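A.B. asks: In order, the protein sequence lines correspond to chains Y and F.
Just so you know, we're using the numbering used here here: the first sequence kicks off at 1 and counts up by one.
Just so you know, we're using the numbering used here here: the second sequence kicks off at 306 and counts up by one.
No lab work stands behind these hints: they were computed from the structure.
A few of these clues could be false.
As the list claims (entries may be wrong) - Coverage of chain Y stretches by chain F, computed from C-beta distances (three or more under 8 Å per stretch; other residues unrestricted):
| hint | stretch |
| --- | --- |
| 1 | 4–11 |
| 2 | 81–92 |
| 3 | 222–233 |
| 4 | 257–264 |
Stated by the list, open to error - Here are some of the chain F residues that sit facing chain Y, going by a computed Cβ distance under 8 Å:
| hint | residue |
| --- | --- |
| 5 | Thr-443 |
| 6 | Ile-444 |
| 7 | Leu-463 |
| 8 | Arg-467 |
| 9 | Gly-468 |
| 10 | Ile-473 |
| 11 | Leu-476 |
| 12 | Glu-491 |
| 13 | Ala-493 |
| 14 | Phe-606 |
| 15 | Phe-613 |
| 16 | Gln-654 |
| 17 | Ile-663 |
| 18 | Tyr-668 |
It should be emphasised that the depicted structure is a prediction, and the values quoted were computed from it without experimental measurement.
Backbone N, C-alpha and C define an ideal beta-carbon position, used for all residues, glycine too.
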Amino acid sequence: MNASLLTVLIAMLGGAIRVSTPFMFVALGECLTEKSGRVNLGLEGTLVLGAMVAYAISYHTGSPWAGVFAAGCAGSVLGAMHGSICSLKKVNDVAVGIAMMLFGTGVAFFFGKPYIQPAAPRLGSIPLGGFSDNSALRSALDVNPLFFVGILMALLMAWAFANTRWGLIVRTVGDSAAAALAMGLSVNLVRFLSTTAGGFLAGVGGAFLSLSYPGSWNQGLSSGQGLMAVALVIFARWSPIRCVIAALLFGAAGAIGPSLQSVGITQGYYFFNAAPYILTLIIMIATSSATRSARDMPGELSMAK
Amino acid sequence: MSEGATMSDIKAVPVLAEAGRGAEFVRRLRVSSEFFVIPVFALIVAAVGFALFLLALGKSPVDFLSYVWKGGFGSAFSFQNTLQRSAPLILTAMAVAIPARIGLIMIGGEGALVLGGFAAAAIATPMVGVLPPFLTLTIMFVFAAFVGACWVAISGYLRYARGVNETISSLLLTYIGIAIMNFFVEGALRDLSNPNKPSTKPIGDAYMVGKIPGTEVHWGLAVGVLLAILLQLLMTRTTFGFAARVTGGNFRAALAQGLPVGKIIVACSMIAGACAGIAGFYEVAAIQGRANASLAAGYGFTGILVSFLARHNPLAIVPVAILFGGLVASGGLVQRRMDLPDATVLVLQGLIFIVLLISETLYGRFAIFRPGDAKDRT
Chain Y
1 MNASLLTVLI
11 AMLGGAIRVS
21 TPFMFVALGE
31 CLTEKSGRVN
41 LGLEGTLVLG
51 AMVAYAISYH
61 TGSPWAGVFA
71 AGCAGSVLGA
81 MHGSICSLKK
91 VNDVAVGIAM
101 MLFGTGVAFF
111 FGKPYIQPAA
121 PRLGSIPLGG
131 FSDNSALRSA
141 LDVNPLFFVG
151 ILMALLMAWA
161 FANTRWGLIV
171 RTVGDSAAAA
181 LAMGLSVNLV
191 RFLSTTAGGF
201 LAGVGGAFLS
211 LSYPGSWNQG
221 LSSGQGLMAV
231 ALVIFARWSP
241 IRCVIAALLF
251 GAAGAIGPSL
261 QSVGITQGYY
271 FFNAAPYILT
281 LIIMIATSSA
291 TRSARDMPGE
301 LSMAK
Chain F
306 MSEGATMSDI
316 KAVPVLAEAG
326 RGAEFVRRLR
336 VSSEFFVIPV
346 FALIVAAVGF
356 ALFLLALGKS
366 PVDFLSYVWK
376 GGFGSAFSFQ
386 NTLQRSAPLI
396 LTAMAVAIPA
406 RIGLIMIGGE
416 GALVLGGFAA
426 AAIATPMVGV
436 LPPFLTLTIM
446 FVFAAFVGAC
456 WVAISGYLRY
466 ARGVNETISS
476 LLLTYIGIAI
486 MNFFVEGALR
496 DLSNPNKPST
506 KPIGDAYMVG
516 KIPGTEVHWG
526 LAVGVLLAIL
536 LQLLMTRTTF
546 GFAARVTGGN
556 FRAALAQGLP
566 VGKIIVACSM
576 IAGACAGIAG
586 FYEVAAIQGR
596 ANASLAAGYG
606 FTGILVSFLA
616 RHNPLAIVPV
626 AILFGGLVAS
636 GGLVQRRMDL
646 PDATVLVLQG
656 LIFIVLLISE
666 TLYGRFAIFR
676 PGDAKDRT
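Kindly generate the complete structure, drawing on both the sequences and the hints.
C.D. replies: Listed below in structure tokens is the structure:
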């Protein structure tokens, strides 16, 4: 096999694992929120704020895991804001998402300015490539523990949706607010909690961006990953497991540009950088339909109406 | 009123009609003032919130306000700078407002602005020095509007034909549009004589759009205001506008009526994209002189907020855009004098946006804006 092709493929494998992790967390968070019947488009802002908070806390405390936790908390604050604002009557959740996107990004840039220069301790990774002599493969398989946390989270969510009382409550609220009311559930409370928890996950995804890969904090850190992750949930048809698979696919697409660069192909760099956006759009076109709402879509989603 | 009228009352009729007209005027004023009072109230609440934010950081809100005034409105020079910056805001806000009238939340103005500006610069390159300036600028203007229109029309068409969520697709297209511009500006169309920043070839001073006579403001502002008036007329006084409002009000009813819903959606998104593309044209032909990454300066995103604050009304967009133009124009001064990061304006905008959306819940809750409502209910 052509050696440079192999290099590209290995780089894409490593890239898929690295790039997919933030997608995975944001998509799982959005999956939970959408299962309860609301869309939070603001996760792009949550991702950026999470990245900033994680970096700052890791810098001040010296513990990257404290940073991850703080990022999750910052994400839940934004999620709680979204959740409570959308509980008001006549408020459009998509518009609130856009506002939260601007607000989260603004707050992150505002407080993040002093942290662009200093180096914060980053998250360590687990070397899984020890069996191989190929250094490229070894570095590709240096996997961050958050990747496995994400997969465990997806399994846990899938199990919880199917088998627990809480899972049933979230699904009921998401599918039919009327049915949930008849069961005596507080629709707004369930959605508030789901959005808050979803914000936590998205914040953790942001922590991965600044503490693992790319592994530094700057204003161009996230450019639409949060938004793509929201689109990805539609593609994954609201299943946590499929969210993970879709995130890996997106990770691989996002890794095309840097991988080609690693073997010296720089032409069309901007085109390959745009690959994830184009892929997202194509996937949205392929999975949507004008005449029926997507299969498995929660019935209460504003997109469904 | 006329039911019990007798011969002796006839003289009184004109007076009563006058009084009726006056009452009708007051009633209408009360109804429509709701759309003014609530957004202004939201602005005030957001301002108070931002003042508390500044106080918590140990900065003075009074200083902030005075610098915004000084940098954006205080002198003829600063106010003209504000007007200059409000021109793209008017146009990008319309790129949100027109689709919003048919119930679509499209936020792709930034991408259409960037691509429109880039298209204008690209098509100008072979024409500079060959065609006269006016003809060149006309071609650039039309091409920028066309490219912007086609770009946003993709979202509209996908919404209609495939049910693709237009908010997500329009934002994705913004990222793709910026990538397309970077691809060309750093590659095939790069001006190699300019080593500093990858840009297209400059169109040259002779080909730049002039200022409105007597001012330092380029013609983009006049075009923006004119388009706002025209689009307001289009949406309120024409058959097309009526069909668009029906589509926005009740999609299924519009379909059942046999309205060409698909065409209306695509047409509205094309108008939106054309507005943003024209904004890009003026950024290139009146300000930058070339296309480069500075085109993506965030006007498209501020335009979203402007449109929401103006309740998607083209006429209301103009004053709101001037207000935010002043905020953008004074940003540099505020940052330098108060030692605040450049994201301060972004925080304030986010805060205003959030408070504004919260205020949506207030509509219809105050009897003062609902004359006659109490009687109707009984």
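A.B. asks: Evaluate each hint against the coordinates.
C.D. replies: Verification of the supplied hints:
no.: 1; hint: 4–11; result: violated (count 0)
no.: 2; hint: 81–92; result: holds (count 7)
no.: 3; hint: 222–233; result: holds (count 6)
no.: 4; hint: 257–264; result: violated (count 0)
no.: 5; hint: Thr-443; result: violated (30 Å)
no.: 6; hint: Ile-444; result: violated (26 Å)
no.: 7; hint: Leu-463; result: holds (6 Å)
no.: 8; hint: Arg-467; result: holds (5 Å)
no.: 9; hint: Gly-468; result: holds (4 Å)
no.: 10; hint: Ile-473; result: holds (5 Å)
no.: 11; hint: Leu-476; result: holds (6 Å)
no.: 12; hint: Glu-491; result: holds (7 Å)
no.: 13; hint: Ala-493; result: violated (11 Å)
no.: 14; hint: Phe-606; result: holds (7 Å)
no.: 15; hint: Phe-613; result: holds (7 Å)
no.: 16; hint: Gln-654; result: holds (6 Å)
no.: 17; hint: Ile-663; result: holds (6 Å)
no.: 18; hint: Tyr-668; result: holds (6 Å)
Of the numbered hints listed earlier, those contradicted by the structure are 1, 4, 5, 6 and 13.
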